[in-house]
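Got chain A sorted already, so can you dock chain B onto it with the hints?
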Amino acid sequence: MKKTLKAGTLFICGLMAAVSCDDFVNVDPLYTRSADNFFRTPTDYQQALTGAYDPMQTSYLDLWIGEIASDNSIAGGEGVTDTEGLHQIDAMTHGGVNNELRSLWRWMYAGVTRTNYIFENRDKLEFDDKARIMGEASFLRGYYYFELVKFFGAVPLIVDRQLPPGEVSSQVRTPATEVYAQIEKDLQAAADALEWTTPVKGRITKGAALALLGKAYLYQNKFTEAATVLDQVINEGGYDLFNNFETMFRVVNEGSKETVFDIEYVGVEGGSYGCFVCLEGFAAVGFHGIRGYDGPVYADGNSYNLPTKDLYDAFESGDPRRDASILDIEAFIAAQEEPGKIKYVTGAGGHTGYYNKKYLKRSDELGLGDNDLTSPVNHKVIRFADVLLMAAEAHNRKPSANDNLALQYLNRVRTRPSVGMAALNLTGTALTEAIYRERRVELAGEGLRFFDLVRTGKAAEEIDGFEAGKHEVFPIPQDEIDLAGADWQQNPKY
Amino acid sequence: MKAKLLAILLMLSLVGYGQSPVRGRVTDENDQPLPGVNVLIKGTTLGTVTDASGEFRIDNVPADATLQISFIGYTSQELAVNGQSNVAVKLLPDVTSLDEVVVIGYGTTTVKELTGSVAVVNGNDLTALNPVRVEQALQGQAAGVQISAASGSPGAGLNIRIRGFTTNGDNTPLILVDDVPYDEDGLAALNPSDIETINVLKDGTAGIYGVRAANGVILITTKKGKKNAKPTIDFSGYYGVQQTTKRMDLLDAHEYAVLKNETYASGGGTPPFANPNLGKGTDWQDEVFEDAPIQNYNITISGGSEKSRYAIGGSYMNQQGIVGGDKSGYRRYNARVNFTVDILPKLTWENVLLYTNERRDMLPEMGIGSVLFNTINANPAASPWKEDGSYAFLEDVSEVINPLAQMANTFNRNTVNKVVGKQEINYKINDNFEVTGRAGYNYALVDEKQFNPLVYYGANKAQNTAANAALEPNLTKVSDDLSIPVYNNIRETRTTYFNYNFEAFLNYNRTFGVHKIKATLGTSMLGYDNRSLTGTGYNVPYNSNDFADISATESNNYLNNTSSWQDRTRLLSQFVRAEYGYGSKYMLSASVRRDGSTAFGANNRFGYFPAVSGAWVLSEESFFQTSAIQFMKLRASYGVSGNDKIRPNGFLSLLDGEGVYPFDNILANGVAIGRIGNPDLKWETTRQANFGVDLNILQDKVSITADYYVKTTKDLLFQPDISAIVGAYGAGSSTPIINGGTVRNRGLELRIDYHTQLAENLRVNIGYNITTIHNEVIALPPGVDFFEFGSFSVGGGTATRMQVGHPMGYFLGYETDGIYQTQAEIDERGVTQDPATTSPGDLRFVDQDGSKTIDFSGDTDKTRIGSPIPDAIMGLNVGMNFKGIDFSATFYASVGNEILRNYERQLPMSNMLTYNRGRWTGPGSTDEYPRLTTEATRNNVLSDFYIEDGSFVRLKNVQLGYTLPRAIVNRIGASRLRIYVAANNLLTFTKYKGFDPDFSNYDPNVSGIDYGFYPQAKSIMGGLNLTF
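Those sequence lines, one after another, are chains A and B.
Counting in my numbering, the first sequence runs from 1 upward without gaps.
Counting in my numbering, the second sequence runs from 10001 upward without gaps.
If you are wondering where the hints come from, they were derived from the structure by calculation, not from laboratory data.
Ideal placement from N, C-alpha and C gives every residue a C-beta, glycine not left out.
Hints should not be assumed to be uniformly reliable.
Stated by the list, open to error - A few chain B residues that don't get close to chain A, going by computed Cβ distances all over 10 Å: (1) Thr10222; (2) Leu10445; (3) Arg10491; (4) Asp10567.
What the hints assert, rightly or not - Covered stretches of chain B, going by a simulated chain A footprint (3 or more residues, C-beta under 8 Å): (5) 10674-10686; (6) 10710-10723.
The following block holds chain A by itself, in its conformation from the complex (with noise of 0.2 Å):
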């Protein structure tokens, strides 16, 4: 009996030896690099860098949702239900359920994450080049919270953390002037930490960060502020004018002096309608192609995002900038030498006879597989005549006004060769009204006319359908809103 009790006890023994082995379904997964266990190296932080920079390449919703809300363009497309979201925006009947707006929100906020995740592990590792990651990554939190804003107003600000999703319920809307408040820290930070040039094309600069910076303070009427950023890109940037309007977008004139922040594109990856932020192509320009086109010169695609005829009239009689930044299909073709054998067809979305030819799909600049989705051409989101349009307007509408340098400004685009438009003279509103003008034609296409318009309070009198006091920002999505579970607002009117 003794002998079994101590058989017993030693097996028991065994078995609470055993317990205390836990550590046995304590192991990490093999070869997998898991998210606690990174930022090792100086690598691991450009990798994650490197993340953090993706998201910016769905920057097609951002160009199309400014343009297509605006008296710019029109949707476009097969028809009316094709990308529907855009319609509902174009004809401002947009709501709460919305695929584009959801899917902007939901890749601005992945963004935000991504920066997040660096800045969370900041302290982690000391290395010598870590100035300029960080610096970087600041410019891409300050880029996606902007957008954020630019589009929905109050946003939850989440910084420095990866959010638990079990602490969803508990955030906010941060009101726009502290999301901006961050968007201005995080663009100056960028900026002190970083050069005006880089030896790798596509990083960002000193120039990008104090141009968006402008911009930022732009968009809250803080026109001191951003005359005396954008005059430093202006004076210590060393950027210009690029001596050809037309050709300034093709792939070939990349990276000229006039780029101040682009958003880099290739087409040497294919890409699916699955995963359109998988893409490392811009969708825009494919999307932009011309329905059914077989002929010289362009390629085929989906004709979205077509210019209004509003547009092509607002150019003064004579400014080359017309034909540069529009194609008038009609006109285009009867000008070819066989005209009869180029075809093309209109969608059922609409149809204006024009297309937006600084993103246009051509045939020379096509990418691999699906090449609506595959368009090597980068997406200049800031171009150094937008910096000088923009400080023209700091300039103009500060407190202490300083017309004559905005003037300048404004005569430096117009007068440019390859542009010539006369130099304008003039002060005070009249001069406003002027830098407005030449904003739309300068920057047509571009992605920044609604917005403009917002801003500048003349939306409502330009855009069919908008409610002013509504229409400023876009609804939250809703679906956001019902996930998120905190009971935001919608915006009002909504």
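Relative to the frame of chain A, chain B by itself:
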């Protein structure tokens, strides 16, 4: 003390009465020898086992001793020796053996004392059905166990579902063969004739297996041999011919031409056939289906000495496919060595070792692109061959290719080499304590080889890999100025699946008067280490499978690529169980298991799984005195178990997102979080209550077991949408897996066994079982109304849903209400049904929401139009023995399930089922089948027109055997010879139009969608069983 007294008494008796050897022979009801029967001198541990001739000899038997003769499946007998030296014993089968051993996990009990719900199936009953895989035979044998084929192709797996669908994830039960875990696929390695018994733990008492037990537990024990038995050689074999169980009713060329002409004319087009008198044309099913052989041979040598027992065997199985012959064939070699030795008087060592070599060839199956899809939809007016003897192109149906060419061009072979074994030591410390330690392993090496030759099936076929009929390669652009040819390729994958387990447990067993106590305490460690490496090489010489190996390809081809994966999961467990019995009247059992798994998040790495059960044997009560009932027991159990088959590392945030951005115009690979982690992620939890009754009536001729179960599984795993502000929607990112959602299964199981002797030599036994399944989704994650699954037709949207208040995977679509006969009917109905696409002859849909408009863009007019889950499944086994002749039949039925017919491709020129003969042709012609037209209609939307009753009854096996008289058999030196003819799946009764109603898909949410299933074969076999 008692034992000592007994020994003294025994010695006294030996001295007093003298001893002598006793010889005897044990036979069964047919006078056939019964080997392996236990013969014991009552009150002692002295005894032996009968040999292959059913004979035994025990020395030194007291003249007044009583022999106890017992054998599983037979009624035990006692025989007073009375000084005889030669005895003859005839055992009669006992289907209601209350002393039959039931394995309950880390211990055993008897049918009589069982408190849980366990189905026991005798291996011999399965072997008799000639299955290729053991699960095939298990179908219909055990109440509560639903088994359906995942494919009828040889070597394909089956879906085993115990008591309904418990999860939207992996419903496969835990399968242990000699305590070694097998996955369902791996069961193919097992030779069914090696199996001694199968025990299926169905209720909460399976909780002794904790976090792996929620889907039930299947415990398979292989044959081990018997002590003190002369070597017995068993040889069995059969050879048979298989055919498809069914051919679809398709149009012949003449009918096809007539109907296509009508189709085009109705749409305003030109009829394609100027002369529709094309005769029968090509019967593509004739071309594709073939009679295929199946053969299987086993040899087993078993026996034992006083201290050891062994079973050694080998088998060969070869099944060719009814589609493609050896292109979908399966072949298995199998060798087993089981032996058990008493190393020391109290120390036993058991060794189990299985080696299997399997080879399986596969054709494209299921859905668009499969051989049978092409067969069904091919134009019957087209010839399979061109005049020069090469395969014809079927160019008039864009998605259909010549199935004969497709089979010829398919080279897809899997080879499995597998070693499974166990080393177990059992030490009997004393009468009360016994300790067991074991190590098990299961190592499988799976080699897949797929040769993709350059092929061309005609213009614009998606399956073309060559640019043209001359088989020139396509070009692909690798950079802006370089294009390279895409040659044929060979892909080879080697995957090793390895699991190992260490278990130790202590069993305690003691009886104090009427109190009987048993206890079990143990620990278990289980690990899985799986890894895989794949390589693809381009340009196999001569475009020929003879050279299809990576070693023969271009080593520097730009397109060559490799990939690999690995996963490691581990499970650590402790468990304890206590059982108490009061007399034979009351039994109580309780267990708890603690499981920890690497699959769970840090916050929930360990779980506890308790179970309690009890039984009351009413028939033992003094007040219960009725001659009508011989045995009656009430049982109840409640237990908690888990399902750990969740994605490995699901709780972690892995850096497998996509973070690619071009710098200097070159794509840089960054890093991003993929799926967001969830440190709270844990197992799915199943709580099950079971109430049962066991009844023996009519002098034990009838035994009845009935159970009612309610099984609720919560914490189902989903990846629902979450707020985007956590950042889960970047490239390659996804939302966290969360626990949320509940499904409930409840139902009744009934098993009735009847056996009787009708005449001197005529014995009949009938077994019937029925299981009802009521499956209902109880909850989904907050904010989620439903999840959608499956697909209907091409681009036709989803087909099924998981939604609260409905069974899993129910079909959502439009309800039809006949056919519009006239334009007036359409106009005057008062319900608008898209006028642009509705004409007389079209399906008339029901306005579910009363909006007076049929909504084709939203879901408001869709409703539940069927469920893939049967109301009931049934099995019926009938056996008869008359002298040496045996007859048996096994039926299986599934009742009340629906199937979505999803193998028709409604292209203008694709062939059709013959129900289209009855299409609408004018007012009053039919109210069932819509008109044929190329016009746009809504007839192709998912509606109940495509839902069919999937109920069926199938004669799974029928067999007639004859056991030759002993006198004849002895002349060839054998002890037993039985010859038989048998047929599997001979008859199927169903209204279902498709090939085979007995199928299911692995994913419970699409289990009822028939994408063009490879039917199971009907086979006619002849075989023999020979014992030396």
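Status of each hint after checking the structure:
{"no.": "1", "hint": "Thr10222", "verdict": "28 Å, holds"}
{"no.": "2", "hint": "Leu10445", "verdict": "19 Å, holds"}
{"no.": "3", "hint": "Arg10491", "verdict": "20 Å, holds"}
{"no.": "4", "hint": "Asp10567", "verdict": "7 Å, violated"}
{"no.": "5", "hint": "10674-10686", "verdict": "holds (count 3)"}
{"no.": "6", "hint": "10710-10723", "verdict": "holds (count 3)"}
In this structure, the one hint that does not hold is number 4.
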